[in-house]
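Please work from the sequences and hints to get the whole structure.
Chains as they are written, first to last, in our numbering: chain A, 1 to 394; chain B, 1001 to 1247.
Don't read these hints as lab results, they were simulated from the structure.
Note that the structure is predicted; figures quoted are calculated from it, not measured.
Hints may be right or wrong, so weigh each one.
Unchecked claim - From the derived model, a few chain B residues whose C-beta atoms are all more than 12 Å from chain A:
1) 1127
2) 1137
3) 1166
4) 1168
5) 1203
Unchecked claim - So the derived list for chain B, only partly shown, Cβ under 7 Å to chain A, looks like this:
6) 1101
7) 1122
8) 1125
Every residue, glycine too, gets a C-beta built ideally from N, C-alpha and C.
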Amino acid sequence: MSASPLWRVAAVLRKEVRDALRDRRTLLVSLLTAAAAGPIFLVLIFNLIARQADRARELHLPVVGVHHAPALAAFLERNQAILIPAPPDYEAKVRAGHLDVVLVVDERFAADVAEGKQGTVRLVSDRSRDRAQASIRQAENLLRAYNRQWGTQRLLLRGVAPSVGNPLDVEDVDLATPQQSGALILFLVAFYGLLASVMGGMAAALDTTAGERERQSLEPLLMTPARPGELVVGKWLAVVLFNALVVVVTLAGFYLTLAFAPLPAVGAPFLFGAREFGRFLFVLAPMILLMPAVLLYVGSRGRTFKEAQANVSVLMFVVSMVPAIQLFLQQREPDWLVLVPVSGQYMLLKLALRGEAVPLAQLALSFAVPALLAAAALAGVARLVGREASFASR
Amino acid sequence: MIAIDRLAKSFGRKREVHAVREVSFVARDGEITGLLGPNGAGKTTLLRMLATLIVPDAGTARIGDLDVVRDRYAVRERIGVLSDARGLYPRLTARENIRYYGELHGLPGPALSARVDALIDTLGLAPLADRRAQGFSQGERMKVAIARALVHDPATILLDEPTNGLDIMSTRALREQLRSLRSAGKCLLFSSHVMQEVAALCDRIVILGAGRVVADGTAQALIAQSGAATLEDAFVTLLGSGEGLAA
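Written as structure tokens, this is what we have:
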């Protein structure tokens, strides 16, 4: 009558999967959130980029006192800027975000220029507004171009070569491959993929550890011939399955949105095709295996479901902070970072998205530490579960 | 058969809580042995040691020819336990709850199905069998827990306060079930703090007080030993007081 350990692991796995599938509401919520993340987020960010591009193409520039500098006005209009008279309360309007940037020509402009002094113009803007950045930059560039043209003309009149006044010739060479230009979007895609692999198994892991204890079904389970290790491995495999499902659904959301949704053409050509989908799954695999083990451990340490939930949210916060910190540091990551779970995966995801090859050695290293940690966590859970009975008794 | 020899277990950081001090007795096959004692007498700790959940500090206990410490997993295949924690999986049906334990005991598919059907039939679970355990009443949950504990047809059955929270009808049904298990030659050990319960059902009674065996014998033997007129008086006399017992 005695069965093999494998048989019992399979029995636990079957039961846990069925149990979690019956929890329709939790399942639906986590899968819908995963599926919706990609589309919602991509549509928002693409529209933002498209709107900024529109603003940049067509600069509506409110002006004050432009009749003091008719040549400047003519130059701006020649360069496709549309000059409109600024309202009298333009400063308040800029502050409130109704206007991006206002050009003010000093009333002494003509007189100053006539006396050979520098003429003063002011660009009034609020640089804390991301939305306004494109307009501000374009207005600045136009003024700088006018300044250069005017100065060059003066030098030429005096018989001086323009290169005397401009000894430095700066050429802009942008090495970004087409995929790199959508960098921010791509990093956010990586972040969401990573987040899905971290959080995907949360509900199932808590339910099968802290939930099982709170329902008082763990103790009877420990009186069956199933060894603690077999129970834990079965539960872990079940949570891994759900975690993988959430990751696949999240990535599919990104993939389908990019492939089929009517997104505005913003000239941010990057790829998230079947190849990237596969690479993502491969890079995230260590997390899909590790996080359920960690969640099971945290779940079995909590004395109650509530306590376990509180501990898990702390863990989630820490884990999701890691890529955010990496994004803000904006530094080239050191090579050893690939060994650190989460950081390493984030790094490799970015490589995959940039269209660069993911080195096999790096990939192998990124599996090593999570594999060890997962094994340690599972051994820890088995020990906790084995001690459960003596805990429960007093 | 259960043979317990000078079993002891203490808890606490300095082992200052002596739950079971020294307990020896034998429970035979084909008999229902009652374990009676007030709350805190050590009944649950004793049953947990027999169920291999906790390891005794001293003494030995054997289920058949197996030692509860050395052969713990083999022991688990031979015992059916209804412990005081008897949670079901609320999202699984009664049948699935029972099947799960059968699978963990390694019963092959067809034999398991037949066994589960038979248990559902004898325990009167048929109307509940394919409903989720979510909304079951105490008595219904109890029946499923018993079926789960018996799914592998164990020779030895341990029950910790099985009638707790049951109404009269469920209690009577449970007694019937236990009697039929006795006729099938099983060894049943049944703990309770309810005198009537033990008196009505058990062939032999072991009275526990403060972690020791106070008396051990048939109802008649206990009455004779204490010199009291009724079984109830005998309990009180033997324990020194009736505190913690329910009539």
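Against the structure, the hints:
A cut-off of 12 Å between C-beta atoms confirms that residue 1127(B) is not in contact with chain A; the least separation is 20 Å. The claim that residue 1137(B) is not at the interface with chain A holds, since no C-beta of that chain comes within 12 Å of its own (minimum 16 Å). Even its closest Cβ contact with chain A, about 17 Å, leaves residue 1166(B) beyond 12 Å, as expected for a residue assigned away from the interface. Separation of residue 1168(B) from chain A is adequate, the least Cβ-Cβ distance of about 25 Å exceeding the 12 Å criterion.
The beta carbon of residue 1203(B) sits about 25 Å from the closest Cβ of chain A, which is more than 12 Å, so the claim that it is off the interface holds. Satisfaction of the interface hint for residue 1101(B) is found here, the shortest Cβ-Cβ separation to chain A being roughly 6 Å, below the 7 Å cut-off. For the restraint placing residue 1122(B) at the interface with chain A, the shortest Cβ-Cβ distance is roughly 20 Å, beyond the 7 Å limit, so the hint is violated. Here the hint on residue 1125(B) is broken, as its CB sits about 17 Å from the closest CB of chain A, past 7 Å.
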